[in-house]
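Add chain A to chain B, keeping to what the hints say.
First to last, the sequence lines map onto chains B and A.
Start counting the first sequence at 1; every next residue gets the next number (the working numbering).
Start counting the second sequence at 113; every next residue gets the next number (the working numbering).
Hints listed in this document are in silico derivations from the structure and should not be mistaken for laboratory results.
Check before you lean on any hint, since a few could be wrong.
Selected chain A positions facing chain B (Cβ under 7 Å, derived; list incomplete) [what the hints assert, rightly or not]:
(1) Arg167
(2) Ala210
(3) Pro213
(4) Gln215
(5) Leu217
(6) Pro259
Pulled from the structure, derived: some chain B residues nowhere near chain A, Cβ distances all over 12 Å [stated by the list, open to error]:
(7) Arg2
(8) Ala3
(9) Arg4
(10) Pro9
(11) Leu25
(12) Leu28
(13) Phe30
(14) Gly32
(15) Arg34
(16) Asn35
(17) Asp45
(18) Asp48
(19) Ser50
(20) Arg51
(21) Glu53
(22) Thr72
None of these values were measured; they are calculated from a predicted model.
Even for Gly, the Cβ is constructed at its ideal location relative to N, Cα and C.
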Amino acid sequence: MRARVLVRPKAGILDPQGKVVERALPALGFEGVRNVHVGRLIELDVEDPSRLEEMCDRLLTNPLIEDYEVVTETAPGPAAGGGAQGSPPGGAADRPAPGDFAERPAPGGVSP
Amino acid sequence: MIGVVRFPGSCDEVDALKAASLVDDARILWHQETSLQGVDAVIVPGGFSYGDYLRVGAIARFSPIMGAVIELARAGGPVLGICNGFQVLCEAGLLPGALLPNQSLRFVCRQVEVEVVDAGTPFTRACEEGERLSIPVKHTSGCWFAPAEQLDRARVVLRYAPGHNPNGSLRDVAGVCNEAGNVVGLMPHPEHAVDDFEGSTDGRKLFSSLARAFV
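Isolated chain B, as found in the complex (with noise of 0.2 Å):
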C-alpha cells in the first residue's frame, strides 16, 4: 500500500524555514499570505499499513518537535493520486481539492 507521511513542526515551535518563506512571498507581490509552515513529505510502499504509526513514532518524526498526518492511498479510481503521473501540464482539475490528505481515511481505519 503506498503511504505518505506528512511532517510538520509542531504548532508552537520556532519555524525559521516558515518565517522566511512568509516574508519572501510579500517581496514577490504575493500578498495576503500568513502561517506559513515548512515540514517534509515522506512517500513509501508499506504491506502492513499498521505499522505506520510506530515508524513515524520511532523514525520517520520525531515526536518531540514535530506532528505528523499518515494518508494512505485509497482503491485507484479516476481521480486518484496515481493518475498525476500521466495528467497534462495545468490539468488543475485533476488535483486533488485542497484539503483532500487530511479527509482521507487514517491507516487502521476503513481501507480495502
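Just chain A now, with coordinates in the frame of chain B:
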C-alpha cells in the same frame, strides 16, 4: 580508556581522539561494532553522521554501536556528545530536548563564551560553576529546544554568555545532561580548544574533568 565513535560522515572524531589522548588512552569505535571494546567512557563526536538524512542524528541513533553506548549510559558510564553527537544522544532519548535549525537558518562558525552552570558532571568537574570558557561552535542545527514538560527538569551544563548565543537556543542553553549527570551533550566543540595554536585551551578542562572522574 576513552572510546570515540566514528560514523560515516563524522568529521571531528580525530580531534576528539587527540583531545581525549591528552588525559587517557583513547581509541576509535567504528559504528558497525556492537561492543565498546572495554572502554570506560564514550565520546560521540561532531560531523554529519549518515549525511544528516531525515533529521540530524536520526539514523546514527540506530547504528549498531549505539546499542552499546546506550547500555553504558544507562549503567552510569560517562558519555559526551559534541555537536552532532549531542543531536544523536537527544534522538536516542538519552538527553532531554532536540536540536532545531539555527534561528538564522545559517551555518555559524565562531568562538563563543560559555558559562559553566553545572560542575557536577564527569565532564565539568574540573571547572567552577559560573566560570567562563572560550570554545568554538560550528553548526547549522544547534538551537536546543525542549517542550515545557522537559524544560524545567532539564539539567543545564553550559549556557552561552550574554550576547553569545549563536543559534537562538531556549534559555541560552549550550549543553545539557541527563538527570543522573553522566550523559552530557554540548553544541560547542571543546576538542577544538585544547592547544595554544587554536587560540584557547579552555576545552581541555572538559577532558581533564573526565580524567578526574576515573580516579
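Structure-based check of each hint:
Below 7 Å, beta-carbon pairs count as interface contacts, and A/Arg167 has one with chain B at about 6 Å; its hint therefore holds. At about 5 Å, the closest approach between the beta carbon of A/Ala210 and any beta carbon in chain B falls short of 7 Å, and the interface hint on this residue holds. The interface hint given for A/Pro213 holds, since its Cβ lies 6 Å from the closest Cβ of chain B, which is under the 7 Å cut-off. The closest approach between the C-beta of A/Gln215 and any C-beta of chain B is roughly 5 Å, which is under the 7 Å cut-off, so the hint is satisfied.
The beta carbon of A/Leu217 comes within 5 Å of a beta carbon in chain B, closer than 7 Å, and the hint placing it at the interface holds. Satisfaction of the interface hint for A/Pro259 is found here, the shortest Cβ-Cβ separation to chain B being roughly 6 Å, below the 7 Å cut-off. Chain A leaves B/Arg2 outside its interface by the beta-carbon criterion, the shortest separation being 19 Å against a cut-off of 12 Å. The Cβ of B/Ala3 sits about 16 Å from the closest Cβ of chain A, beyond the 12 Å cut-off, so the non-interface label holds.
Every Cβ of chain A is farther than 12 Å from the Cβ of B/Arg4; the closest lies at roughly 15 Å, confirming the non-interface assignment. Not every CB of chain A is more than 12 Å from the CB of B/Pro9 (nearest about 8 Å), against its label as outside the interface. With a closest Cβ-Cβ approach of about 16 Å to chain A, B/Leu25 is found to remain outside the 12 Å limit, as its non-interface label requires. Listed as a non-interface residue, B/Leu28 keeps its Cβ farther than 12 Å from every Cβ of chain A; the least gap is roughly 19 Å.
Its beta-carbon lying about 20 Å from the closest one in chain A, B/Phe30 satisfies the requirement of being farther than 12 Å from that chain. With a least CB separation of 24 Å from chain A, B/Gly32 remains clear of the 12 Å interface cut-off, as annotated. With a closest Cβ-Cβ approach of about 20 Å to chain A, B/Arg34 is found to remain outside the 12 Å limit, as its non-interface label requires. Every CB of chain A lies more than 12 Å from the CB of B/Asn35, the least distance being 18 Å, so the non-interface label holds.
Here B/Asp45 stays apart from chain A, with its beta-carbon at least about 18 Å from theirs, past the 12 Å limit. The non-interface label for B/Asp48 is consistent with chain A: the shortest C-beta to C-beta separation is roughly 20 Å, beyond 12 Å. Non-interface call for B/Ser50 relative to chain A: holds, since the shortest CB-CB distance, roughly 21 Å, exceeds 12 Å. Distance to chain A confirms B/Arg51 as a non-interface residue, since its nearest Cβ pair spans about 16 Å, more than 12 Å.
At roughly 17 Å from the closest C-beta of chain A, the C-beta of B/Glu53 stays outside 12 Å, upholding its exclusion from the interface. No beta-carbon of chain A is positioned within 12 Å of the beta-carbon of B/Thr72; the least distance is around 21 Å.
Taken one by one, the earlier hints fail for this structure only at number 10.
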